[in-house]
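Protein chains in written order, with the numbering used here: chain A, 1 to 339; chain B, 1001 to 1339; chain C, 2001 to 2339; chain D, 3001 to 3339.
Fair warning: there could be bad hints in the mix.
Facing chain D, from chain C, some residues (calculated, C-beta under 7 angstroms) [claimed, not checked]:
1) A2113
2) N2117
3) M2150
4) Y2198
5) I2217
6) K2221
7) H2229
8) D2231
9) V2237
10) Y2238
11) N2257
12) H2261
13) N2329
14) R2330
It should be emphasised that the hints constitute simulated quantities derived from the structure, not laboratory data.
Glycine is no exception: its CB is placed at the ideal position from the N, C-alpha and C atoms.
There are 4 protein chains.
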Amino acid sequence: MSSLLRVGVIGAGRIGKVHARTLSSGVPGVEVTMLSDVVEDAAKSLAADCGIKTVVADYHEILKSKDVDAVAICSSTDTHATIIEEAANAGKHIFCEKPIALELAKIDQALAAVEKNKVILMVGFNRRYDLGNRKVREAVTSGAIGTPEMCIINSRDPAPPPLAYVKVSGGLFLDMMIHDFDLARFLLGDEPEEVFAYGNCQVDPEIGKVGDVDTAIVSIKFKKGALCHIDNSRRAVYGYDQRAEVFGSKGHAFTKNMHDHNAVIGRVDGYSEPPIYNFFMERYMPAYEEEGKVFAECVKSGKTPPSGGYDGRISVLMGYAAIKSLKENRPVRIEEVDK
Amino acid sequence: MSSLLRVGVIGAGRIGKVHARTLSSGVPGVEVTMLSDVVEDAAKSLAADCGIKTVVADYHEILKSKDVDAVAICSSTDTHATIIEEAANAGKHIFCEKPIALELAKIDQALAAVEKNKVILMVGFNRRYDLGNRKVREAVTSGAIGTPEMCIINSRDPAPPPLAYVKVSGGLFLDMMIHDFDLARFLLGDEPEEVFAYGNCQVDPEIGKVGDVDTAIVSIKFKKGALCHIDNSRRAVYGYDQRAEVFGSKGHAFTKNMHDHNAVIGRVDGYSEPPIYNFFMERYMPAYEEEGKVFAECVKSGKTPPSGGYDGRISVLMGYAAIKSLKENRPVRIEEVDK
Amino acid sequence: MSSLLRVGVIGAGRIGKVHARTLSSGVPGVEVTMLSDVVEDAAKSLAADCGIKTVVADYHEILKSKDVDAVAICSSTDTHATIIEEAANAGKHIFCEKPIALELAKIDQALAAVEKNKVILMVGFNRRYDLGNRKVREAVTSGAIGTPEMCIINSRDPAPPPLAYVKVSGGLFLDMMIHDFDLARFLLGDEPEEVFAYGNCQVDPEIGKVGDVDTAIVSIKFKKGALCHIDNSRRAVYGYDQRAEVFGSKGHAFTKNMHDHNAVIGRVDGYSEPPIYNFFMERYMPAYEEEGKVFAECVKSGKTPPSGGYDGRISVLMGYAAIKSLKENRPVRIEEVDK
Amino acid sequence: MSSLLRVGVIGAGRIGKVHARTLSSGVPGVEVTMLSDVVEDAAKSLAADCGIKTVVADYHEILKSKDVDAVAICSSTDTHATIIEEAANAGKHIFCEKPIALELAKIDQALAAVEKNKVILMVGFNRRYDLGNRKVREAVTSGAIGTPEMCIINSRDPAPPPLAYVKVSGGLFLDMMIHDFDLARFLLGDEPEEVFAYGNCQVDPEIGKVGDVDTAIVSIKFKKGALCHIDNSRRAVYGYDQRAEVFGSKGHAFTKNMHDHNAVIGRVDGYSEPPIYNFFMERYMPAYEEEGKVFAECVKSGKTPPSGGYDGRISVLMGYAAIKSLKENRPVRIEEVDK
């Protein structure tokens, strides 16, 4: 491969836009050469914006192209696994948004293709690339906070997605908490053993009617002994609440929320500060840029991505365990759902 | 009763000192007239320090005295229930340190005596009287943060107590997390339905050998639907970590840790601030004063204390449920342990 | 003018890069059509990066071009006034980096040309476009903090510029504190009456040898009575320290420094946070984008820019007054230096 | 002297109450044996509260008593110097509230008596004993922030004192900013050379009518080169604003304001925190205790107090210089007012 990594972006929706823009302008040494979307107008408009030369409706053209070294799969979740398989068979390196699939069989088939074709697969767990989270991880790996004993993640969206999306998303555990499952593994550097979940609908009963929950707290026992708690809500009126803490034998390390601006007002009734970032794009834009850089670096150097196929698979298993735990009101071991 | 409330303090140990001092000098309208401890020297020295005139070895003299309107029970846990019963039968109002007892039958017998004699019983859940926690509670009762949906409590001691204490303490859930159980009920204004606990020994294996855990995360389902998470560790090297959050439909309210002082240093490698308060007495001294004031006010006015016998009882049941949950690795409903 | 504003950027140095990039990609409705620099290679490389089609060595070609509605003057300070005059005479709207010139006569000649040709002139006081500073200003204009009575600005660069730059910069007051002079006027919404300055060389004696200071504190009396203090240092090892406060009859409003990331580590010896932003580009990049947007909007709508020629002139006078005050060790009224 | 230091407190007003209480209960090894006030009822009530046995109307009885080793002078400012002289001549060690006197001749006469009689004199600059300020000072003396180059003090009272008090107080510079003058010397470990002051009446014109200002900013040049800025206002509606910063060649150290409690509320419109401490007694109570301890220690060990007669004198000179600077609108050197 030349020193320039040529990427084809598949999907021009919300997350496709993020990656098309980031890879085009925020990541040196990468050129987005092709963009596909079944809605061609969306693709064309995004391509114009990012200076992408070739737009196609059918992503297979990207897979066939000689001008593409790697693909970024940003299409709908139900297409991820198939495209991974096809891309791997076409010899393209792969960046894929999470989750790989909602079904384990599909995931395993996709991962087998990746392995067989010896291509790089990186899964889009953007939080691993957030500078704050990386600093917390560093505090663990450097020994600064000693042996990790607990991990506490508070993770709340500003507002629920549309019901139509909820229905096909796999539900809160596979769509939203999957990020936190992966983050807990990343921060602790350990693997989950057992999961217990409480969840219900406190935000919107309609979410319950389609079989999902909008509020959940999950406890996870990790193999080396660390205990982990994650809470999720689909609605935090004060913004996109994203905090993670690791507690260890020599200290704790944690991320704070980021506010809209840095002005404070003090009056007779007290002090006021602005709300926190309200949107994942404000909060994680630098993380998306870092993610793109790491992907390019891994493809160029052959290094294993920090969030690979295994991570994509285990996070789905953790979601399965949480769903089963909630249904059966008992702790569920990971191996119970790994089959 | 005269406008001066005359209190006899029973026990001159660590917590007895706190209450003797607070009631003597921090609470107007109260006079500590008697102090008892089996170790008379300890009692005498404390009495001299606080200007308490009468010192006795046997607390029964306090119960018999005409110069005492109320008692503050600060003796060892195993004596609480008996003294409550005796004090109630002697017509004294009662402030008692938590827990009332480790055995439900003893608690119920003590509470029956209180009810029969129509005396005031207040249980020493000091965190209810902390200004920060009260402000969080106010944010719920005022509607400022809407309907409470989650409660997250992070509560970690600076260092484990002596093993000898651990053995007789009732264990982490009845000795330490009992404060957090009560705080969750206070902040949410709701009652627990079911409890799930993970716990293990990550701090000191000796604690495990005496049958206790030193690290635990507990999930609680409350009756109105709110979900609660509590984490405890017996050792936080950075200080006495005490944070509580209520998340609601219109916002969240939470307490921050308090630091040793207010100086900050910024250098080329970043900013440094002092550790947080390391000891419960630094952190909660104003809460103990407020607690004393509220007790005096309740006795004088006949008002029901914010932390009464029912609160003392239910918090022990929550501890039982957590212990059973940990042992059987399943969620346990409160009614299972209420018998 | 069409709805697209076509801008020619003059100068491809450090600040030219900022504006070329910002106007190319961060400001909708603007196209950078030309770029000039005497160092053509610098211009070509920047143009390639930003997708600017036409590169010239001589900025006069930009002034003559039909494809340019407005210019952004990012060349060296000594050229600003001449180019403003020429651009105004060519009928181009003008964005010019601060200061307009170091000599009052040159400034007045440039402003006369702007007035005669009825073009828009906006001066690059980027801090006016910073969201935090705007929120502080809003706290004044909305009445939230009452009548402004004091303004305190702490403003310190991470490291001194090269001596070669110091020599031609006009010195600390005209090169660095000029931003703070403008910010004080912006935040208070008032005009300066008198200035008193203390300054010396505490950072680097070489700066003193070329006749400048590297550390200064300045007091300013404003016409409506508010008192203002500004401090500057050419070297803050902990980062680019940028804080401003307005104190008023009903409260105060202030900006906090922004840190490199949001992770905090607590250990036995206390808490550590990262350094603050180290560079003006990290700190003020969103302000530069906002500045570009406001410039485009002013040109399109004919609105007066928030930082115009008058602001550029008065800030230089404040610098003159500070220099004279330091030299003569006495307070200096603005009218003394306005001639 | 026995190991118990016997103190007579002179004056039972606001600050007399602080010291009587602190010395009685917060400082081990000290007993307040006598208390005097011309208003005997005030003295009796305070004595009862603190367990002080002997109450007198005339402080001369304290000076004559064999039961008194040291006096704490808490009477009105105009009596300080005379009592210091008398106490010194009576061989008593002396703690005196600031300022020693408003007239230099009186100060010098009092200090001469102290010297002649070889008694300890400590002046009540309470901020030197504040833990935060001490930590900032430590950051200087330890070299942690390198050579100090600037000192910035923001110091604002919650509300102006009664006009009657303003009239006899010596004015803002000798009554209020005198604390900041001393703090600057303490933090920098250096002596002032020249002072420049701006001041006016923005809070209450009545204060101006009695010849004082209510708002002031002062610049001070220190001998080793450090530049210092102090701002004062008699009214900060958001509380008692007390911040100090030292900026040095290797970093900066500063104190933050302290808030009423530690609860934070986040809602859709942002975050709110409580006002800062509103009163000097809340803010500096631990400093008063430390001050008492240090005084007792100095008397017992013969050590020179951290805030002695020289400090009391120089701070008044700084006030003189500021007053003269404001009147003559020019910088004033300390030696100009030292005669």
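Hints, one by one, checked against the model:
| no. | hint | result |
| --- | --- | --- |
| 1 | A2113 | 38 angstroms, violated |
| 2 | N2117 | 41 angstroms, violated |
| 3 | M2150 | 6 angstroms, holds |
| 4 | Y2198 | 5 angstroms, holds |
| 5 | I2217 | 5 angstroms, holds |
| 6 | K2221 | 6 angstroms, holds |
| 7 | H2229 | 5 angstroms, holds |
| 8 | D2231 | 6 angstroms, holds |
| 9 | V2237 | 6 angstroms, holds |
| 10 | Y2238 | 5 angstroms, holds |
| 11 | N2257 | 11 angstroms, violated |
| 12 | H2261 | 19 angstroms, violated |
| 13 | N2329 | 6 angstroms, holds |
| 14 | R2330 | 5 angstroms, holds |
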